[in-house]
Structure formats: structure tokens, C-alpha cells
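Visitor: Just so you know, the sequences run in chain order Y and P. In short: position in the first sequence from 1, add 205, done, that's the numbering used here. In short: position in the second sequence from 1, add 48, done, that's the numbering used here.
Quick caveat, the hints were computed from the structure, so don't treat them as lab data. Bear in mind the structure is a predicted one, so any value in this text is a computation, not a measurement. Every residue gets a Cβ at the ideal spot worked out from N, C-alpha and C, and that includes glycine. Be aware that one or more of the hints could be misleading.
[Unchecked claim] Cross-link-like lysine-lysine pairs, in silico, DSSO-like; alpha carbons within 27 Å at most:
{"hint": "1", "chain 1": "P", "residue 1": "Lys-70", "chain 2": "P", "residue 2": "Lys-117"}
{"hint": "2", "chain 1": "P", "residue 1": "Lys-97", "chain 2": "Y", "residue 2": "Lys-262"}
{"hint": "3", "chain 1": "Y", "residue 1": "Lys-260", "chain 2": "P", "residue 2": "Lys-151"}
{"hint": "4", "chain 1": "P", "residue 1": "Lys-106", "chain 2": "Y", "residue 2": "Lys-208"}
{"hint": "5", "chain 1": "Y", "residue 1": "Lys-276", "chain 2": "P", "residue 2": "Lys-97"}
{"hint": "6", "chain 1": "Y", "residue 1": "Lys-275", "chain 2": "P", "residue 2": "Lys-151"}
{"hint": "7", "chain 1": "P", "residue 1": "Lys-161", "chain 2": "Y", "residue 2": "Lys-276"}
{"hint": "8", "chain 1": "P", "residue 1": "Lys-70", "chain 2": "Y", "residue 2": "Lys-260"}
[Stated by the list, open to error] Computed beta-carbon distance windows for the label pairs:
{"hint": "9", "chain 1": "Y", "residue 1": "Pro-266", "chain 2": "P", "residue 2": "Arg-90", "range": "35 to 43 Å"}
{"hint": "10", "chain 1": "P", "residue 1": "Leu-163", "chain 2": "Y", "residue 2": "Lys-258", "range": "49 to 57 Å"}
{"hint": "11", "chain 1": "Y", "residue 1": "Ser-213", "chain 2": "P", "residue 2": "Asn-60", "range": "32 to 40 Å"}
{"hint": "12", "chain 1": "P", "residue 1": "Arg-90", "chain 2": "Y", "residue 2": "Asp-256", "range": "24 to 32 Å"}
{"hint": "13", "chain 1": "P", "residue 1": "Pro-55", "chain 2": "Y", "residue 2": "Arg-249", "range": "13 to 21 Å"}
{"hint": "14", "chain 1": "P", "residue 1": "Ser-108", "chain 2": "Y", "residue 2": "Ser-213", "range": "26 to 34 Å"}
{"hint": "15", "chain 1": "Y", "residue 1": "Glu-284", "chain 2": "P", "residue 2": "Pro-88", "range": "43 to 51 Å"}
{"hint": "16", "chain 1": "Y", "residue 1": "Asp-243", "chain 2": "P", "residue 2": "Ser-76", "range": "22 to 30 Å"}
{"hint": "17", "chain 1": "Y", "residue 1": "Asp-256", "chain 2": "P", "residue 2": "Ser-51", "range": "45 to 53 Å"}
{"hint": "18", "chain 1": "Y", "residue 1": "Asp-231", "chain 2": "P", "residue 2": "Gly-101", "range": "24 to 32 Å"}
[Claimed, not checked] Some chain P residues close to chain Y (C-beta under 8 Å, calculated; not the full set):
{"hint": "19", "residue": "Val-75"}
{"hint": "20", "residue": "Arg-90"}
{"hint": "21", "residue": "Gly-91"}
{"hint": "22", "residue": "Thr-156"}
Below are the chains, spelled out letter by letter.
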Amino acid sequence: DVKVTQSSRYLVKRTGEKVFLECVQDMDHENMFWYRQDPGLGLRLIYFSYDVKMKEKGDIPEGYSVSREKKERFSLILESASTNQTSMYLCASSLVPYYEQYFGPGTRLTVT
Amino acid sequence: AQSVAQPEDQVNVAEGNPLTVKCTYSVSGNPYLFWYVQYPNRGLQFLLKYITGDNLVKGSYGFEAEFNKSQTSFHLKKPSALVSDSALYFCAVRDIPTSGTYKYIFGTGTRLKVLA
Chain Y
206 DVKVTQSSRY LVKRTGEKVF LECVQDMDHE NMFWYRQDPG LGLRLIYFSY
256 DVKMKEKGDI PEGYSVSREK KERFSLILES ASTNQTSMYL CASSLVPYYE
306 QYFGPGTRLT VT
Chain P
49 AQSVAQPEDQ VNVAEGNPLT VKCTYSVSGN PYLFWYVQYP NRGLQFLLKY
99 ITGDNLVKGS YGFEAEFNKS QTSFHLKKPS ALVSDSALYF CAVRDIPTSG
149 TYKYIFGTGT RLKVLA
């Protein structure tokens, strides 16, 4: 079974802090994704990566950056957290970019 | 532009009754369609997909979905609902961009409530 883990289930940060969200997958998948989930908006793609050190912007990249130094690890960085970044963050991986994705449990981030 | 719609925010069904969760899509070219389920405080779990072939696709936990090209729909169904099926369900379609890499478009989700 594919396992995708995220570093924290719940996180509370202050406005202006730099925030790191870590994601690790154990199935040697090429493709990894970061989404945010908000009620009524579904899932929105922030960034994805199709190879080590490769990344592409999704639909809402503003205020975020990513890092993929190793195949199994994909990090989401909030450079200066703001209250409108309070959300559920979901990481996913897939063998083929447009086939089924496997999700981590999510990190619920609150920025105060 | 590619899009996917889940017209119902919530669906209520009695335990033991059949359930349907609706999804319609708009893509140019052949669609790749997916259903995911999200239980409370969990990530999404893949249920089933349609890529090509038989219009009726069977997936996990007794769910199935019917691809209807003329109606551009991919409704999720189950013959007999269980209380444990209560969750948030997402439909997704592969985006076919004019440039760049393929990605998904997710619907806004439908909350299924199965009543005992």
C-alpha cells in the first residue's frame, strides 16, 4: 500500500512566521502535489513536482514555495504566514501525473 | 475551459437504500474521471476511475460509477447504502491543458449522509 505521511496533523502559527509543511511518500512515485482544501471550494492545487528539483505552479501559488531535494520528500513553505492561509493542506503522490493520486492525512494549519 | 461540477452540496439517504452522488464534467478530448472519498479528519482515498472501456466502473467498498458520454456525467452509485458510507465525496477530471503538464480539476465535494 502507498503511504503518504505529513509532518503534522495540526499546526498553529503566528502571522509573519515562516512555516514548513513536510510530506513523505514511500512508493517511489515521480509526482507529488500540494493542495489546500477549503469548505465550498474543494481542493485547489498549489504546486506540483514531477521529478526531483522540478516544480510547477498550480492554480494558487501566491504566498507559497516548494522544495523537492529527494524523490520521496516534498515540502511546502509559507514564506510569511497570513491569516488567509488558514486551511487544510493535503499532500498527494502518483505514479503517473494524471492517474489516481494517494493522499496524506492532511495538516490543519491555523494562522493567528 | 475544463471543469467539473457536483450539483449537490449534500445528499441524504436511508440505510439500505440505493445512493447516487452526481458529477458532470466539461473537457475537450477524452476525459479521465475519478471519484475520491474523504472521511472526517482524513485525507482523500481513491475509490475508482474511468479511463476507457466499459462505461460501468466498479471500485472500492461496493461503489460503482457510470460514465455517460452524451450527458457528460460520471455519477457515483451504490445499491445499498451503509451508515459508514457517510463522508465527503469528490469527483475529479483530468485537465487537458494547451501547454504544460496535465493536472486534476476537483469538484467542490458532496457530503453524503446515510441515516440509520
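Visitor: Are the hints correct? Go through all of them and say.
Guide: Hint by hint, here is what the structure shows:
1. At most 27 Å may separate the alpha-carbon atoms for a hinted pair to count; Lys-70 of chain P and Lys-117 of chain P meet this at roughly 14 Å.
2. In summary, the hint linking Lys-97 of chain P to Lys-262 of chain Y is supported, as the alpha carbons are separated by about 25 Å, within the 27 Å threshold.
3. Taking the CA atoms of Lys-260 of chain Y and Lys-151 of chain P, the gap is about 13 Å. The hint holds against a cut of 27 Å.
4. Distance hint between Lys-106 of chain P and Lys-208 of chain Y is fulfilled; the C-alpha atoms sit about 23 Å from each other, no more than 27 Å.
5. The hinted pair formed by Lys-276 of chain Y and Lys-97 of chain P meets the criterion: a straight-line CA distance of about 26 Å does not exceed 27 Å.
6. For the given pair, Lys-275 of chain Y sits about 22 Å from Lys-151 of chain P by alpha-carbon distance, which is consistent with the 27 Å threshold.
7. This hinted pair does not check out: Lys-161 of chain P and Lys-276 of chain Y have alpha carbons roughly 39 Å apart, beyond 27 Å.
8. This hinted pair does not check out: Lys-70 of chain P and Lys-260 of chain Y have alpha carbons roughly 33 Å apart, beyond 27 Å.
9. Between Pro-266 of chain Y and Arg-90 of chain P the CB atoms are about 26 Å apart, so this pair departs from the stated range of 35 to 43 Å.
10. At roughly 50 Å, the beta carbons of Leu-163 of chain P and Lys-258 of chain Y sit within the given window of 49 to 57 Å.
11. As the Cβ distance of Ser-213 of chain Y to Asn-60 of chain P is approximately 34 Å, the hint placing it in 32 to 40 Å holds.
12. The given range of 24 to 32 Å is respected by Arg-90 of chain P and Asp-256 of chain Y, whose C-beta atoms sit roughly 28 Å from each other.
13. The beta-carbon spacing between Pro-55 of chain P and Arg-249 of chain Y, approximately 20 Å, falls within the hinted interval of 13 to 21 Å.
14. For Ser-108 of chain P paired with Ser-213 of chain Y, a C-beta distance near 28 Å keeps the hint of 26 to 34 Å intact.
15. The hinted range of 43 to 51 Å is not satisfied by Glu-284 of chain Y and Pro-88 of chain P, whose Cβ atoms lie roughly 31 Å apart.
16. Range check, Asp-243 of chain Y to Ser-76 of chain P: about 28 Å between beta-carbon atoms, so the 22 to 30 Å window is met.
17. A hinted range of 45 to 53 Å is violated for the C-beta pair Asp-256 of chain Y and Ser-51 of chain P, which are about 28 Å apart.
18. The hinted window of 24 to 32 Å between Asp-231 of chain Y and Gly-101 of chain P holds, with their beta carbons roughly 30 Å apart.
19. The interface hint given for Val-75 of chain P is broken, as the beta carbon of that residue sits about 12 Å from the closest beta carbon of chain Y, more than 8 Å.
20. Checking Arg-90 of chain P against chain Y by beta carbon gives a least distance of about 6 Å; that is within 8 Å, so the hint holds.
21. A least Cβ separation of about 3 Å between Gly-91 of chain P and chain Y falls short of the 8 Å threshold, and the interface hint therefore holds.
22. The closest approach between the C-beta of Thr-156 of chain P and any C-beta of chain Y is roughly 4 Å, which is under the 8 Å cut-off, so the hint is satisfied.
Going through the hint list in order, the structure does not satisfy hints 7, 8, 9, 15, 17 and 19.
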